[in-house]
Amino acid sequence: MTMTSTVKFAQSRPRGRKIARLTTDLWLVVAVIVVTLGIASQRPQLLDAVNIATVLKSFSIMVVMVLGLTWVIASGKIDVSFMQVAALSNMICAYALAQGWSWGGAIVVALMAGALVGLINGWLVASMRLPALIVTISTAGICASIAAALGKGTVIRIADPGPLEPLLQPALGGAVPMIVVPVLLIAAVAWFVQERLSFGRYIYALGQNEAAVRAVGVPVVKLTIILFALSGVSSALAGVLLASSLSSGQPMIGGPFLINGLTVVLLGGMMVRVGKPNILGTLTATLFIGVLFSGATLLGLPDFQRQIIQGVLLLTGLIVATIAASHHGARTAGQ
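If you read the sequence shown in our numbering, its first letter stands for residue 391, the second for the next number, and so on.
If you are wondering where the hints come from, they were derived from the structure by calculation, not from laboratory data. Values in this document were obtained by computation on a predicted structure and should not be read as measured data. Check the hints yourself; a few may be wrong.
[To be verified] Ranges of calculated distance between the beta carbons of each label pair, as one might list FRET restraints: (1) L648 / R519: 23 to 29 angstroms; (2) V606 / V440: 50 to 56 angstroms; (3) A430 / V611: 36 to 42 angstroms; (4) V611 / L691: 42 to 48 angstroms; (5) Q559 / L691: 25 to 31 angstroms; (6) L562 / F582: 41 to 47 angstroms.
Note that beta-carbon positions come from the ideal geometry of N, C-alpha and C, so glycine has one too.
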C-alpha cells in the first residue's frame, strides 16, 4: 500500500512539473485567446477582416520597433530612446523624400541614423560606464528635438507612400497584411539567435552576471554596443514603416510608443523564460496589447479606462506567471 502510493507520487511529480511549466510558458497565449473571445462576444466587429488587418499592421510595426529593445533589456540594460529613434527616422525619411530623394536613399539614411544613435548609446553605456537609463533619456531628447527641427515642428507630408505601401495593405484573405510575413521571418531568426546560438546565451548571461561574463573572456563592451546598435536599427525601421503607413513624417509620433513598447517587452518576459525578455514573449505580448486596445476602442472605453484595464491585466499576468514559476521551481528543487 505504501509502496504503491510512493510510486504514484513519484509518477505525479513529472506530470505536475510539466503542467507548471506549460502554465508558465503559455499563460499569455491563453490570455490572448480569452480576451479575444470575450471582446468578440460583445463586439463581433473585432473579428472583421478590416479590423484584423489593422491590428496585425500595428502588431508588425510594434514588433519591429521592440525586437532590438528585447535583447537590450534581456542583457540587463534599458533603452528608453527607442521610440524617439523611430520618430527621428520617420522624420528623416519624410524630409529626404521632400528634398527629392528616392525611397531607397531615404530608407538607407533613416536606418543609418538609427544605427548611429544606437552605437552612441552603446559606447556611452559600455565604454564610458554611464547609466543606461540616463544615457538613453538624453539621446531620446536629442532625437526628439532633431525630429521636430526637421519639420519645423510640423508634419511633413509624403506624396508617394513608396514600395513599402503594398506590404502594409491587406492581402492574404483581406485580413492579413503582407508585412506580417517578413516580420515573422525576422522574429524567427531573432528567436533562433537568442535561443540556439552562443550570442543569445551571452545576452542572457549579461543580464544575470556581467562580471562573470567578462571574466570568461566575452567581449562585453563590443556585445553591449552591438545590442544597442541593433535596437537603434530596429526602431529606425519601424519609423520608416510608419512613414509609409501614415504617408507623413510626424515629429511627435514617438511618445505613445514608450509605455506600450516597454510593456510588451516586460510582459513578454513573464512567459517562456520567466523574468527574461525573449522573442516569443514579445510577439505574444504585442498581439495581446493590440487586441486589448482594439477591443477597448470597439467597446467605447475612454483612454483612462483602457490604461486601467491594461494595468490590471498586466498585474494579474505577472502574479500568475510568478506563482507558476515558483511552483515549478519548488517541484524542481524537490527532485
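How the hints compare with the structure:
1. Between L648 and R519 the CB atoms are about 25 angstroms apart, so this pair conforms to the stated range of 23 to 29 angstroms.
2. Checked against the hint of 50 to 56 angstroms, the pair V606 and V440 passes, with Cβ atoms roughly 53 angstroms apart.
3. About 49 angstroms separates the C-beta atoms of A430 and V611, a value inconsistent with the hinted range of 36 to 42 angstroms.
4. Between V611 and L691 the Cβ separation comes to about 47 angstroms, which falls inside the hinted range of 42 to 48 angstroms.
5. In this structure, Q559 and L691 meet the distance hint of 25 to 31 angstroms, their C-beta atoms being roughly 28 angstroms apart.
6. Evaluation of the 41 to 47 angstroms hint for L562 and F582 yields a failure: the beta carbon distance comes to about 24 angstroms.
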